[in-house]
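*Asks:* Spelled out from the first residue to the last, the chains are:
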Amino acid sequence: MGQMWQMKGETPAVRSSMKRYYWTFAPAMVLYVIGTVLLFVSEGRSTGAQLAMAAVPSAGIVWVVVALVSLYRRSDELQQVQMLKGAASGFTVGFPALAISGLIFAFLDEPPGRPSLVAVWLPFLIGMAGWSIGWARAQKTGF
Amino acid sequence: MVNRLGPGPEDGFLTVKNRIRQLRAEREWTQVDLAERLHVSRQTVLAIEKGKYDPSLPLAFSIAGVFGLKIEDIFDPA
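Sequence lines, in order, name chains A and B. Here our numbering is used: the first residue of the first sequence is 1116, the next is one more, and so on. Here our numbering is used: the first residue of the second sequence is 3, the next is one more, and so on.
Okay, chain A solo, but in the shape it has when bound (with noise of 0.2 Å):
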């Protein structure tokens, strides 16, 4: 079967990069957008139960932190490369993208002390937009 879509400047080394990527990402995502629902879910519940949903979102985080070492360990020198300056690259573009629209977020957040699911994903899709883009930018030039 051929390929049935092709993102624009998507070049078979941006196509690989991204599909070693897939397994680290992907299950981390759908635990975070559980874990965010169950959270919202969780309030006025007991301690017990709350720490028990916000233990999915962190299993995102964990498996996401093993994945990429495991990621890491399994890469040839110049993936090694890569890997480290998407990471700095997602950084420098990402972090910033998360500070600001978290910041304008907070001044929408109403009433204050209970941020809406858009408040709190907005920033977080606008973060991961811009570490996309570092990230990327970074497999085609290298920073």
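Just so you know, the hints here were simulated from the structure itself, not pulled from any lab data. Incorrect hints may appear among the rest.
[Unchecked claim] Derived SDA-like pairs: lysine to any residue, alpha-carbon spacing no greater than 20 Å straight-line:
1) B:K54 / A:V1196
2) B:K52 / B:L25
3) A:K1200 / B:G53
4) B:K54 / A:Q1194
5) B:K72 / B:L59
6) B:K72 / B:R39
7) B:K52 / A:R1252
8) A:K1200 / B:S58
9) A:K1134 / B:L48
10) A:K1134 / A:R1188
11) B:K19 / B:Q33
[As the list claims (entries may be wrong)] A short list of chain B residues far from chain A (calculated; beta carbon distances all over 10 Å):
12) V18
13) I22
14) R29
15) V34
16) D35
17) G53
18) F63
19) V68
20) G70
21) K72
22) E74
23) F77
24) P79
25) A80
Built from N, CA and C at the ideal position, the CB exists for glycine as well.
Since chain A is already given, all that's left is putting chain B on it; use the hints.
*Replies:* For chain B alone, coordinates are given in the frame of chain A:
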């Protein structure tokens, strides 16, 4: 300007040319063949051949080993 994956002349480092593509062609090896011999990815072979990435010293020795040559027969300071 070549987009490099490591430090280059703009960072005060020496650039290195190599004859890997020529040596590979002489042996009728594909990039995949060479990558398998070196236990690296095809992208790594491609990046080294194009001068986008300078290999580590251990990998340079491995490259010299698979071609049966000395490092200085393959890599040349530009």
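*Asks:* Now tell me, hint by hint, if it's right for this structure.
*Replies:* Verification of the supplied hints:
Between B:K54 and A:V1196 the alpha-carbon distance is near 12 Å, which keeps this suggested pair within the 20 Å criterion. In summary, the hint linking B:K52 to B:L25 is supported, as the alpha carbons are separated by about 14 Å, within the 20 Å threshold. For a cut-off of 20 Å, the pair hint linking A:K1200 to B:G53 stands: about 18 Å separates their Cα positions. For a cut-off of 20 Å, the pair hint linking B:K54 to A:Q1194 stands: about 13 Å separates their Cα positions.
This hinted pair checks out: B:K72 and B:L59 have alpha carbons roughly 12 Å apart, not beyond 20 Å. Distance hint between B:K72 and B:R39 is fulfilled; the C-alpha atoms sit about 17 Å from each other, no more than 20 Å. For the given pair, B:K52 sits about 19 Å from A:R1252 by alpha-carbon distance, which is consistent with the 20 Å threshold. Taken as a hint, the A:K1200 and B:S58 pair is honoured in the structure, with Cα atoms around 17 Å apart against an allowance of 20 Å.
Annotation: proposed proximity of A:K1134 to B:L48 holds, straight-line Cα distance about 19 Å (limit 20 Å). In summary, the hint linking A:K1134 to A:R1188 is supported, as the alpha carbons are separated by about 16 Å, within the 20 Å threshold. The hinted pair formed by B:K19 and B:Q33 meets the criterion: a straight-line CA distance of about 18 Å does not exceed 20 Å. A cut-off of 10 Å between C-beta atoms confirms that B:V18 is not in contact with chain A; the least separation is 15 Å.
A cut-off of 10 Å between C-beta atoms confirms that B:I22 is not in contact with chain A; the least separation is 14 Å. Separation of B:R29 from chain A is adequate, the least Cβ-Cβ distance of about 21 Å exceeding the 10 Å criterion. For B:V34, the shortest C-beta to C-beta distance to chain A comes to about 12 Å, beyond the 10 Å cut-off, and the non-interface label holds. Under the 10 Å C-beta cut-off, the non-interface status given to B:D35 relative to chain A holds; the minimum distance is some 16 Å.
The Cβ of B:G53 lies farther than 10 Å from every Cβ of chain A, with a closest approach of about 12 Å, so its non-interface assignment holds. Residue-level check passed: B:F63 sits 13 Å from the nearest beta carbon of chain A, beyond 10 Å. At the 10 Å boundary, the C-beta of B:V68 stays outside the reach of chain A, the nearest C-beta of that chain being 15 Å off. The beta carbon of B:G70 sits about 22 Å from the closest Cβ of chain A, which is more than 10 Å, so the claim that it is off the interface holds.
Separation of B:K72 from chain A is adequate, the least Cβ-Cβ distance of about 21 Å exceeding the 10 Å criterion. For B:E74, the requirement that its beta carbon stay farther than 10 Å from each beta carbon of chain A is met, with the minimum near 21 Å. The Cβ of B:F77 lies farther than 10 Å from every Cβ of chain A, with a closest approach of about 16 Å, so its non-interface assignment holds. Every CB of chain A lies more than 10 Å from the CB of B:P79, the least distance being 21 Å, so the non-interface label holds.
Even its closest Cβ contact with chain A, about 18 Å, leaves B:A80 beyond 10 Å, as expected for a residue assigned away from the interface.
Consistency note: the structure conflicts with none of the earlier hints.
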